[in-house]
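I would like the entire structure built from these sequences, with the hints used as guidance.
Here is what each chain is made of, one letter per residue.
Number of protein chains: 2
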Amino acid sequence: MWPVLRLLRRGLSTAAPRGLVYEKHGEPAQVLRLKNLAIASPANYEVRVKMLAAPINPSDLNMVQGTYALLPHLPSVGGNEGVGVVAEVGHHVSSVRPGDWVIPVDAALGTWRTEGVFSEEALVRVPSDISIVGAATLSVNPCTAYRLLSDYETLRPGDSVIQNASNSSVGQAVIQLAASLGITTINVVRDRPNLQSLVERLQDLGADHVITEEQLRKPEMKDLFKNCPRPRLALNCVGGKSTTEMLRHLDYGGTMVTYGGMAKQPVTIPVSALIFKNVKLCGFWVTQWKKDRYQNREEITKMIRDLCDLIRRGKLLPPPCTEWPLEDFSQALRDAQTPFLSRKQILIM
Amino acid sequence: MWPVLRLLRRGLSTAAPRGLVYEKHGEPAQVLRLKNLAIASPANYEVRVKMLAAPINPSDLNMVQGTYALLPHLPSVGGNEGVGVVAEVGHHVSSVRPGDWVIPVDAALGTWRTEGVFSEEALVRVPSDISIVGAATLSVNPCTAYRLLSDYETLRPGDSVIQNASNSSVGQAVIQLAASLGITTINVVRDRPNLQSLVERLQDLGADHVITEEQLRKPEMKDLFKNCPRPRLALNCVGGKSTTEMLRHLDYGGTMVTYGGMAKQPVTIPVSALIFKNVKLCGFWVTQWKKDRYQNREEITKMIRDLCDLIRRGKLLPPPCTEWPLEDFSQALRDAQTPFLSRKQILIM
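First to last, the protein sequences are chains V and P. Start counting the first sequence at 1; every next residue gets the next number (full-length UniProt numbering). Start counting the second sequence at 1; every next residue gets the next number (full-length UniProt numbering).
Be aware that one or more of the hints could be misleading.
Okay, derived cross-link-like pairs now, BS3-like style, lysine-lysine, Cα gap no bigger than 25 Å in a straight line [to be verified]:
(1) V:Lys24 with V:Lys35
(2) P:Lys264 with P:Lys280
(3) V:Lys280 with P:Lys277
(4) V:Lys280 with P:Lys241
(5) P:Lys241 with P:Lys222
(6) P:Lys291 with V:Lys277
(7) V:Lys241 with P:Lys277
(8) P:Lys241 with P:Lys264
(9) P:Lys277 with P:Lys241
(10) V:Lys291 with P:Lys277
(11) P:Lys241 with P:Lys280
(12) V:Lys241 with P:Lys241
(13) P:Lys277 with V:Lys264
(14) P:Lys302 with P:Lys315
(15) V:Lys280 with P:Lys280
(16) P:Lys264 with V:Lys280
(17) P:Lys264 with V:Lys241
(18) P:Lys280 with V:Lys291
(19) P:Lys241 with V:Lys277
(20) P:Lys291 with V:Lys280
(21) V:Lys241 with V:Lys222
(22) P:Lys280 with V:Lys241
(23) V:Lys302 with V:Lys315
(24) P:Lys280 with V:Lys277
(25) V:Lys277 with P:Lys264
(26) V:Lys241 with V:Lys218
(27) V:Lys280 with V:Lys241
(28) V:Lys302 with V:Lys291
(29) V:Lys264 with P:Lys280
(30) P:Lys218 with P:Lys277
(31) P:Lys241 with V:Lys264
(32) V:Lys222 with V:Lys277
(33) V:Lys241 with V:Lys264
One side of the interface only, derived from the structure: several residues of chain V facing chain P at Cβ under 10 Å [unchecked claim]:
(34) Ala69
(35) Val238
(36) Thr243
(37) Gly261
(38) Ser272
To be clear, the hints were calculated from the coordinates, so they are not data collected in a lab. The beta-carbon is built from N, C-alpha and C at its ideal position, and this holds for glycine as well.
In structure tokens:
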């Protein structure tokens, strides 16, 4: 209980608003500066929000580096997700009121700050009876996992899904959401020194099978499919060899959805898989998905409600996080870029 | 008129039935033998057909070689498409009668023969007021082109489609079907000594743009899109570099359908095209498409009717063909395997 109280106290303090600002693209540790921010009172359709917590995701770093598909006007505050508490609302604001928790609907809000004034429609309310970390890490990775499992194949209990990068935040959310639906997951991870502890951690989340990239390539993989149906859905966040190998195990007519490219290599598919195995390939980008539903957001609110229900029931845990006070952002950025750390770095305001 | 009469006379002759039989897989010229066939009278639901003409398609050769995704029980008669005239029907046959022209619904019927007894449901009637060559080459390539243009993107007059292998039989059918629908085609071909005559021939069929693989890679391609919308649909029969380059020009959210792999190289897609350009990839195999509709064949008969209408109105010409008497099959096979010949070899029974 104590950390939450501490967070709330800090989050609601009256210190001058501050944020991690960058004026040009570059290495995050080089270009991000903690600066005081001028915050005006909210206009008619605006909301003043005191941020509580905001994680550091890989795509946040790519945005600062200038290598992402979506770039803000500079200068800008970094960070795309997080949770805040409404401090003050404009006259015409109807969807939230002071004390409500809110998360961004859209990317590029600039969440690495203590406080901000945002348009009402840029925010969506979340219940405040879930953990701050759960709420702060909800809008990118669990939403991606939710859409990946919902929008491409009609999956029924007993069906299976294969994914790589299974230890990523999306991967862990996929494991838990699939487990809550009775869907079997085949989870590919990179080999590493502490593999067994990773396997156990993913199994604790509900992973049915955890295999390494090396095992994925071996003929023994066919044994796995003696007691498990071929996956109708493959989720790819890697590219290169990992993806081609994963595709080989996809069921006839199945779909592979690519939502990331950690290996920085393209996706390569044998022509025969397309023609004779009838596999389909497509991509998913949660930012675009939400942008397309910005005006008519029923699907967004249903998804947030479903995910918060799972969080409340302990069926969807946030990724293991290390909390950092905002002023220690340099160490947080360093750890966010360290491979195999298996923890998300989260800034506490 | 004379050749048709000659064909009909030959096709309806009473000589002993013969066919190109192979007892093992291998090089077609080595393993195919012209043999007498024992033909029984048709049973209740069977039809005796005198074949008129049957083309030699690349997939026919792959089937004889044993490298195709669908292989018949051996010994077998080669050939997957062609047209014949019904000579005799079993007691319960209702869909065709003597004198009707028929083509195979399905692959692996063994069409390189003078005569055969087939189940009624393996055949579909075609009108006999189109050319024999048009009917004989209808069931694989024009059907593929028809489905490629119908089933993946909703195309309207003025929209554009890009394809490679544009001089293939499917490619030529795509050009003509698209032209009849008011859809602009961007047609990629391999460079060759007689390029200009090929360009003119495809333009005569209705091609709007004909470009070489080299031109496809050049920055000047963007000039083409000043007066032509980005294609919503890309049709791929090549693989390798050709496919990746073609994909670059696809519109946001467009679809690439792979129906062949002439370059014997896989399809390689940048991860960013999937995630940020939202392109979709899938495959098409006309054999499977028809198999899936074998029992409920409304879509098949509508397609055949539409295609025969276009043939009758001169809007869909068969590919340039060289006709060979069945006994000259060795030379026909040789020419069917000669690159850049730009003519289809067709056996006349």
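Q | Hints that the structure is at odds with (numbers, increasing) | A | Checked against the structure, no hint fails, so every one of them is satisfied.
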